[in-house]
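Assemble chain H with the ligand onto chain W, guided by the hints.
Letter by letter, the chains look like this.
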Amino acid sequence: MATATLASGPDTRADLGVLRFLTCGSVDDGKSTLIGRLLYDSKAILADALQAIERTSRKRGHAEVDLSLLTDGLQAEREQGITIDVAYRYFSTGQRSFIIADAPGHEQYTRNMVTAASTADLALILVDARKGVLTQTRRHLTLAHLVGIRHLVVVVNKMDLVGYDQAVFERIRAEVLAFAGELGAEDLVFLPLSALAGDLVVERGGNLPWYGGPTLVELLESAALEDGREELPFRLSVQWVIRPHQDFRGYAGRVAAGRVKVGDALTVLPSDRRSRVKAIHLGGARLDEAVAGQSVILELEDDLDISRGDLLADAGRPPLPARSLDADLCWLSEAPSRPGGRYLLRHGSRETRAILHGTAHRLDLDSLQREPETRLAMNDIAQLSLTLQQPLSVDPYREIRATGAFILVDETTHATVAAGFIRGAE
Amino acid sequence: MTAAAPTLSHLDWLEAEAIHILREVAGQCANPVLLFSGGKDSLVLLRLAEKAFRPGRFPFPLLHIDTGHNYEEVTAFRDRRAAELGERLIVRSLEDSIRQGRIALKSPMEARNRHQSVTLLDAIAEFGFDACIGGARRDEEKARAKERIFSFRDAFGQWDPKNQRPELWDLYNARIDAGENIRAFPISNWTELDIWQYIEREGLALPSIYFAHEREVAVRKDGALVPVTPLTPAKPGDDVQRLSVRFRTVGDITCTAPVRSTARTVAEILLETATTELTERGATRLDDQTSEASMEQRKKEGYF
Ligand SMILES: Nc1nc2c(ncn2[C@@H]2O[C@H](COP(=O)(O)OP(=O)(O)O)[C@@H](O)[C@H]2O)c(=O)[nH]1
Numbered sequence: 001m002a003t004a005t006l007a008s009g010p011d012t013r014a015d016l017g018v019l020r021f022l023t024c025g026s027v028d029d030g031k032s033t034l035i036g037r038l039l040y041d042s043k044a045i046l047a048d049a050l051q052a053i054e055r056t057s058r059k060r061g062h063a064e065v066d067l068s069l070l071t072d073g074l075q076a077e078r079e080q081g082i083t084i085d086v087a088y089r090y091f092s093t094g095q096r097s098f099i100i101a102d103a104p105g106h107e108q109y110t111r112n113m114v115t116a117a118s119t120a121d122l123a124l125i126l127v128d129a130r131k132g133v134l135t136q137t138r139r140h141l142t143l144a145h146l147v148g149i150r151h152l153v154v155v156v157n158k159m160d161l162v163g164y165d166q167a168v169f170e171r172i173r174a175e176v177l178a179f180a181g182e183l184g185a186e187d188l189v190f191l192p193l194s195a196l197a198g199d200l201v202v203e204r205g206g207n208l209p210w211y212g213g214p215t216l217v218e219l220l221e222s223a224a225l226e227d228g229r230e231e232l233p234f235r236l237s238v239q240w241v242i243r244p245h246q247d248f249r250g251y252a253g254r255v256a257a258g259r260v261k262v263g264d265a266l267t268v269l270p271s272d273r274r275s276r277v278k279a280i281h282l283g284g285a286r287l288d289e290a291v292a293g294q295s296v297i298l299e300l301e302d303d304l305d306i307s308r309g310d311l312l313a314d315a316g317r318p319p320l321p322a323r324s325l326d327a328d329l330c331w332l333s334e335a336p337s338r339p340g341g342r343y344l345l346r347h348g349s350r351e352t353r354a355i356l357h358g359t360a361h362r363l364d365l366d367s368l369q370r371e372p373e374t375r376l377a378m379n380d381i382a383q384l385s386l387t388l389q390q391p392l393s394v395d396p397y398r399e400i401r402a403t404g405a406f407i408l409v410d411e412t413t414h415a416t417v418a419a420g421f422i423r424g425a426e
Numbered sequence: 001m002t003a004a005a006p007t008l009s010h011l012d013w014l015e016a017e018a019i020h021i022l023r024e025v026a027g028q029c030a031n032p033v034l035l036f037s038g039g040k041d042s043l044v045l046l047r048l049a050e051k052a053f054r055p056g057r058f059p060f061p062l063l064h065i066d067t068g069h070n071y072e073e074v075t076a077f078r079d080r081r082a083a084e085l086g087e088r089l090i091v092r093s094l095e096d097s098i099r100q101g102r103i104a105l106k107s108p109m110e111a112r113n114r115h116q117s118v119t120l121l122d123a124i125a126e127f128g129f130d131a132c133i134g135g136a137r138r139d140e141e142k143a144r145a146k147e148r149i150f151s152f153r154d155a156f157g158q159w160d161p162k163n164q165r166p167e168l169w170d171l172y173n174a175r176i177d178a179g180e181n182i183r184a185f186p187i188s189n190w191t192e193l194d195i196w197q198y199i200e201r202e203g204l205a206l207p208s209i210y211f212a213h214e215r216e217v218a219v220r221k222d223g224a225l226v227p228v229t230p231l232t233p234a235k236p237g238d239d240v241q242r243l244s245v246r247f248r249t250v251g252d253i254t255c256t257a258p259v260r261s262t263a264r265t266v267a268e269i270l271l272e273t274a275t276t277e278l279t280e281r282g283a284t285r286l287d288d289q290t291s292e293a294s295m296e297q298r299k300k301e302g303y304f
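Protein chains in written order, with our numbering: chain W, 1 to 426; chain H, 1 to 304.
Calculated from the structure, these hints are not laboratory results. Just so you know, even glycine gets a beta-carbon here, dropped at the ideal spot from N, CA and C. Some hints could be false.
Ranges of calculated distance between the beta carbons of each label pair, as one might list FRET restraints [stated by the list, open to error]:
| # | chain 1 | residue 1 | chain 2 | residue 2 | range |
| --- | --- | --- | --- | --- | --- |
| 1 | W | R342 | H | R102 | 41 to 47 Å |
| 2 | H | G128 | W | P244 | 24 to 30 Å |
| 3 | W | E426 | H | F127 | 43 to 49 Å |
| 4 | W | L161 | H | N31 | 55 to 61 Å |
| 5 | H | G128 | W | R273 | 42 to 48 Å |
| 6 | W | T135 | H | S107 | 56 to 62 Å |
| 7 | H | S244 | W | E203 | 34 to 40 Å |
So here's chain W without its partners, still in its complex pose (with noise of 0.2 Å):
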């Protein structure tokens, strides 16, 4: 077999990092069969992989290679013939590495979702262009904007099944545009394609000449990433201290936010002390400055008590104290929520207790009407208010994902219960 083109190889063009992005589908929409072609055509399945595919899909008694069994997880899953967890894939197309969370759709589904949401840069939501824009779609296009997932692609899959019709396309089109607007989404793309067939996929193939943009993998490949050029305020989350000796005080942690530089003004969160950039440093090396998503050691011009869950922040553009949190939950857990419960809050590295209050407001997916609730049951998204037994630094969720985001811990169980998105602080 010839091997030299693989697509995976050694590659002199940029590296354009890596995007993580998830498929959202009805069942029988498509998702695993698209998930299997991106991999087949990118050449990741390698020949050992697909001979027990293969093998797999003979004893089914499918005459072709069912290229949905590559996502199939576990054993129990494989017995039911239906995955039910999140599971990540990876493949690369030689200028940019993928990793794909795929969260398969039915009772879990939205935990699941948004589980696998939060990480994700880019969302591929499936539709079927039989059966157009369904509950199912309009749920998952909330989720998506919920999590704020930054780049948006709806895919309209089978293509091949409605004869490449331009018209069934454009309809669809219409339809999830002006459920879009409802929700406040913007920046949506479109794209038609068949995940069996490969149009649009890889290659463009013949059969959608009306459609004159991007196939899906130069959309996946040219998607912007989140890297610090947003001008969002600096943050980071102190997580380890590094004090090998008298002269030296690094605070190790990840750049949530924007971008830090030598002789940046700092203010260390909750204290309010400030200090500015001594050094920055990445394995043994110094650098001038480091953006959103790198990992370094910061030293700071004065010596200032800084422990693991202190924010360090921009001190022009300082995030919200909070005392109590206005939120949206996404309830995790298969035990219901306890009304005035008290749980453990993970924040960036803080950990504090806090305390559900007040009336819920359950977003019904469907209708996009709040209800009152009293319990929040697994798979419900309420918005509530929580208060802290000690202050947090915040960012509403909207303006900056890391700094807006946390999840509840059961205190008996550790169970992770539920995630939170903060829309305001007190």
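Relative to the frame of chain W, chain H with the ligand by itself:
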């Protein structure tokens, strides 16, 4: 719409994520340990730990679960690397567990990978480790694809794939009760190609058996190569040849097979890796092929 090249290359991004994970383990866990075998993935982990904690010391010791079936080059390399770093290396061996009757082998030559869990769990109990940092990657095997970065193990060391903690953003939850354990996988999101690219970029030294060398191997009918060693002598009728081979993983001698290769440098290995037709485990782990689900089974039993 062409994207401007981002500030972080894909290796920079993977490195930054892994450093963040290592620091979270250090910050959240009272008594973590890093599993270090001398293999390439754990050597990458050590470099990442240097970037996470130097000029300070590692906030954890290194632990090797020695199967007694290791290539000597690898063991020697392991000791040398730990000494260079000046970090504490703990070795606990399967031989001891066998002598103590904690492991019963069906035959002395049987593959020992699956028995590692006994010795590992004993070491966890002996030292009271609450977290083990490992070099497993999600692309290695289907069951791993859905394992969390902070993966919870109950008091029996078992992984319950149906009852994993949701993992959102980069907010990891390492809360456990006494006796329970967290397995943390900082390079979950790396592929084998990423590992080799990183080894090249960082100029990391590796045990010599990763590079092409001449070795006596029995060539099986299906093309698999079985190294001829005192532990795995040639069987009558074996087609024994002297071939240029290298190992893609280094583990138990009895179940780690080399591949034909002439790659003598990391750059040459990179080329071979990029163009290989076989996924890593499919080609080199003889014991995984028995059943598609064998890894998942072993993980449930506490295997790393
Ligand atoms: N004709 C056609 N069939 C497709 C296409 N994509 C997926 N399918 C088929 O639709 C069915 C469901 O696909 P699958 O990928 O398993 O859907 P999932 O449930 O969303 O993962 C399978 O029989 C696929 O072969 C497509 O583009 N065209």
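Could you check the structure against the hints above and give me the numbers of any it violates, in ascending order? Of the numbered hints given earlier, the structure breaks just one, which is hint 5.
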